[in-house]
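A.B. asks: Below are the chains, spelled out letter by letter.
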Amino acid sequence: MTDVTASRVAPIKGRWQARAAPSRPGTLYLLCWFCGSLLLAFLVIPLIALATHQSAQNLGEVAGIADVRDAIALSLEGAFLSAALAALAGVPLAYVLARTRFPGKGVTAALIDLPLAVPHTVAGIALLMVFGRQGVFGEPLQALVGLKFWGTLAGIVVAMLFVSAPYTVNAARIGFEAVDPRLEQIARTLGLGPWRTFLRITLPLAWHSIMTGVTLTYARSISEFGAVVILVYYPMTAPVKIYELFLRFGLEQAAAAALLLLIVSLGLFVLLRALAQRGVPASGSR
Amino acid sequence: MKFASGLCVALFCSIAVAPNVVSVVQATEPSTLTIYAAGTLAVPFRQLNALFEKNNANVTAQAQFGGSVMMAKRITDLHQDADLLAVADYSVIPKYMFASPAHAAWYAGFARNAITFVYTDKSKYAGEINAQNWYKILARPGVEIGRSNPDTDPSGYQTVQMLSLAEKFYQMPSLEQSILANAPLTNMRDTETSLISALQLGQIDYLAIYRSDALQHHLKSIDLPAKINLSDPTEAAFYKDGVAHTKNGDLFGAPIVYAITMVEGTKNAGLAEKYVALLLGPEGQAIMKNNGFGAFSPSYAVHIEAMPAELKKLVKPWPGS
Numbered sequence: 001m002t003d004v005t006a007s008r009v010a011p012i013k014g015r016w017q018a019r020a021a022p023s024r025p026g027t028l029y030l031l032c033w034f035c036g037s038l039l040l041a042f043l044v045i046p047l048i049a050l051a052t053h054q055s056a057q058n059l060g061e062v063a064g065i066a067d068v069r070d071a072i073a074l075s076l077e078g079a080f081l082s083a084a085l086a087a088l089a090g091v092p093l094a095y096v097l098a099r100t101r102f103p104g105k106g107v108t109a110a111l112i113d114l115p116l117a118v119p120h121t122v123a124g125i126a127l128l129m130v131f132g133r134q135g136v137f138g139e140p141l142q143a144l145v146g147l148k149f150w151g152t153l154a155g156i157v158v159a160m161l162f163v164s165a166p167y168t169v170n171a172a173r174i175g176f177e178a179v180d181p182r183l184e185q186i187a188r189t190l191g192l193g194p195w196r197t198f199l200r201i202t203l204p205l206a207w208h209s210i211m212t213g214v215t216l217t218y219a220r221s222i223s224e225f226g227a228v229v230i231l232v233y234y235p236m237t238a239p240v241k242i243y244e245l246f247l248r249f250g251l252e253q254a255a256a257a258a259l260l261l262l263i264v265s266l267g268l269f270v271l272l273r274a275l276a277q278r279g280v281p282a283s284g285s286r
Numbered sequence: 287m288k289f290a291s292g293l294c295v296a297l298f299c300s301i302a303v304a305p306n307v308v309s310v311v312q313a314t315e316p317s318t319l320t321i322y323a324a325g326t327l328a329v330p331f332r333q334l335n336a337l338f339e340k341n342n343a344n345v346t347a348q349a350q351f352g353g354s355v356m357m358a359k360r361i362t363d364l365h366q367d368a369d370l371l372a373v374a375d376y377s378v379i380p381k382y383m384f385a386s387p388a389h390a391a392w393y394a395g396f397a398r399n400a401i402t403f404v405y406t407d408k409s410k411y412a413g414e415i416n417a418q419n420w421y422k423i424l425a426r427p428g429v430e431i432g433r434s435n436p437d438t439d440p441s442g443y444q445t446v447q448m449l450s451l452a453e454k455f456y457q458m459p460s461l462e463q464s465i466l467a468n469a470p471l472t473n474m475r476d477t478e479t480s481l482i483s484a485l486q487l488g489q490i491d492y493l494a495i496y497r498s499d500a501l502q503h504h505l506k507s508i509d510l511p512a513k514i515n516l517s518d519p520t521e522a523a524f525y526k527d528g529v530a531h532t533k534n535g536d537l538f539g540a541p542i543v544y545a546i547t548m549v550e551g552t553k554n555a556g557l558a559e560k561y562v563a564l565l566l567g568p569e570g571q572a573i574m575k576n577n578g579f580g581a582f583s584p585s586y587a588v589h590i591e592a593m594p595a596e597l598k599k600l601v602k603p604w605p606g607s
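From first to last, the protein sequence lines stand for chains A and B. Sequential numbering from 1 applies to the first sequence in my numbering. Sequential numbering from 287 applies to the second sequence in my numbering.
Think of the hints as simulated: they come from the structure by calculation, not from any bench. Hints are not guaranteed to be accurate.
The calculated lysine-lysine pairs, modelled on DSSO-like cross-linking and capped at a C-alpha distance of 27 Å, are [stated by the list, open to error]: (1) B:K506 with B:K454; (2) B:K602 with A:K148; (3) A:K148 with B:K454.
Derived DEER-like restraints, expressed as beta-carbon distance ranges [claimed, not checked]: (4) B:F524 with A:D67: 55 to 61 Å; (5) B:S317 with A:P103: 27 to 33 Å; (6) A:R99 with B:P427: 42 to 48 Å; (7) B:R332 with A:P140: 56 to 62 Å; (8) B:L471 with A:V130: 20 to 26 Å; (9) B:P603 with A:V130: 25 to 31 Å; (10) A:G36 with B:L471: 56 to 62 Å; (11) A:P46 with B:L471: 31 to 37 Å; (12) A:P46 with B:K575: 44 to 50 Å; (13) B:K533 with A:A56: 38 to 44 Å.
Now the stretches of chain B that chain A is said to cover, found in silico as 3 or more residues with beta-carbon under 8 Å [to be verified]: (14) 355-369; (15) 467-481; (16) 486-498.
In this text, a Cβ means the ideal position worked out from N, Cα and C, and glycines have one as well.
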């Protein structure tokens, strides 16, 4: 038993050791750096082109438009709620998928990936069927609690969640699967209940993966246009606003607003990544 | 062995055929004609493209559809290569394409359209509405009306202009305001056709749209009077009284005339010219008519002197230009 514990705990320590060790300039690293920098350049150069296309003055002007600020704030708000809902419902789903066997598990896992393959306009129309004025959820929710999805924040959130939740579920599932069940069993034999085992053992070990998934969901939500615009055009989210600016004024204003959104997003992603690295705050060890 | 002999035959054939292929290519080089067109033209232009490709071997006619202003800006701002631009509102061409540096020198009107409201059996008061009482029904509380954005889309401001004209036509000062109260910003999109799904799913009851779209989507529509529906070029003087207040300033009503122009400096000028000739000629006009548009014979054009000689024969001067 102790052997097992040692061997399972070791990789976690090992990760930190590997990071602390000085990197040797081997051929492997050089090749990885070469291939990686090609992709990095491919990803970064278009963004640099966008950034250098306009002056700081342009950026300042666009940042001064209340409509643009409101749209960016609305996107961040919607994406935050979408990511929070994805975490609240997606992490338990991922845990069940990682830890239990049930008939139709393969189909369930495939269904979770499906929203990624659905064209986003189609996703929007499907959501309107269900959450619209005459939809199976839309009609009773409006009648009972006055919740509307047409032209509201709720509509923005469901559209964002639909296209981005799979990222959280998949990443969290991989994280949970990487946690050895025997670790949980040991914790149980040492007297921890199932809840405390989950909170003090499983969740902290899977935390990094979960946060990566939540960050991806958040990012995907901010950028979503196609599904959102079917349900909600006004109030405008940032992508809709950028498109409207392009139609009304042309490239300059639209690109400046897009850059503004990128800068705000970049700051948030750095923050979220840092949070993912720090480890689980609710581990109970403090 | 069998594979090897097959390979030999294939090699031989390709060597024998190759020179012929080259000579064919030299005779009529395969080329692609790119047409940027208003979204409402998608159905007739696909038919027109098929006819054009049949008449011109080795030519692919590729149309891309979107909002008229968007398509113009893709040429002027994004410098995308298009040979022809066809817009839902002729004024888009002088406004964007004539501006310095000029991307076009003339335009020809090739179809007319009208503003209407479409609805389904599920729409509120669908059983009651007709061409006489429409403006009273659309103003009733609880009716949801969809429309396109007047700040970015011609059909958006044309709808507002039509309502402004209806106010004068029916002598009912609050008409526009009370109908627009049922068409809040949440019921608005960049282009009204993206609201058709919302109409069919019962999210909205009525949708302001072009007559051509009503016909092509097999939707019930209200036949608005010609005096207000912007379909009649001879009513241009009255239409001017219909005004839409937009973020781009006040826009005054005008007949809905679709216009086409050739993009200056295109490599495919010869083909583009042929395409316009087909569109303005009897075959093209028949296709437009079959898809719910008003046809012209002959078409109107502005700056005829700048048009290619063959096209000059097909047009007469735009009234009042």
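A.B. asks: Tell me if chain A covers the region 486-498 of chain B under the three-residue, 8 Å CB rule, please?
C.D. replies: Three-residue rule met by the region 486-498 of chain B, so holds; n is 3.
A.B. asks: Does the Cβ pair P46 of chain A, L471 of chain B satisfy 31 to 37 Å?
C.D. replies: For L471 of chain B against P46 of chain A, whose Cβ atoms are near 33 Å apart, the range 31 to 37 Å holds.
A.B. asks: Take the C-beta atom of K533 of chain B and the C-beta atom of A56 of chain A, compute their distance, and say whether it sits inside 38 to 44 Å.
C.D. replies: 26 Å, violated
A.B. asks: Tell me if the straight-line CA distance from K602 of chain B to K148 of chain A falls inside 27 Å.
C.D. replies: 53 Å, violated
A.B. asks: Is K148 of chain A within 27 Å of K454 of chain B, Cα to Cα?
C.D. replies: 36 Å, violated
A.B. asks: With respect to the beta-carbon atoms only, verify the hint that F524 of chain B and D67 of chain A lie 55 to 61 Å apart.
C.D. replies: 35 Å, violated
A.B. asks: Look at the Cβ atoms of P46 of chain A and K575 of chain B and judge whether their distance stays inside 44 to 50 Å.
C.D. replies: 45 Å, holds
A.B. asks: For the range 56 to 62 Å, tell me whether the beta carbons of R332 of chain B and P140 of chain A fit it or not.
C.D. replies: This hint is violated: roughly 42 Å between Cβ atoms.
A.B. asks: Is it true that R99 of chain A and P427 of chain B lie within 42 to 48 Å of each other by Cβ?
C.D. replies: 54 Å, violated
A.B. asks: For the hint 25 to 31 Å, verify it against the beta carbon of P603 of chain B and that of V130 of chain A.
C.D. replies: 55 Å Cβ-Cβ, so the 25 to 31 Å window is violated.
A.B. asks: Are three or more residues of the region 355-369 of chain B within 8 Å, CB to CB, of chain A?
C.D. replies: holds (count 5)
A.B. asks: Count residues of the region 467-481 of chain B with a Cβ under 8 Å from any Cβ of chain A, then say if the count reaches three.
C.D. replies: holds (count 8)
The structure fails to meet hints 2, 3, 4, 5, 6, 7, 9, 10 and 13 from the earlier list, while all remaining hints are met.
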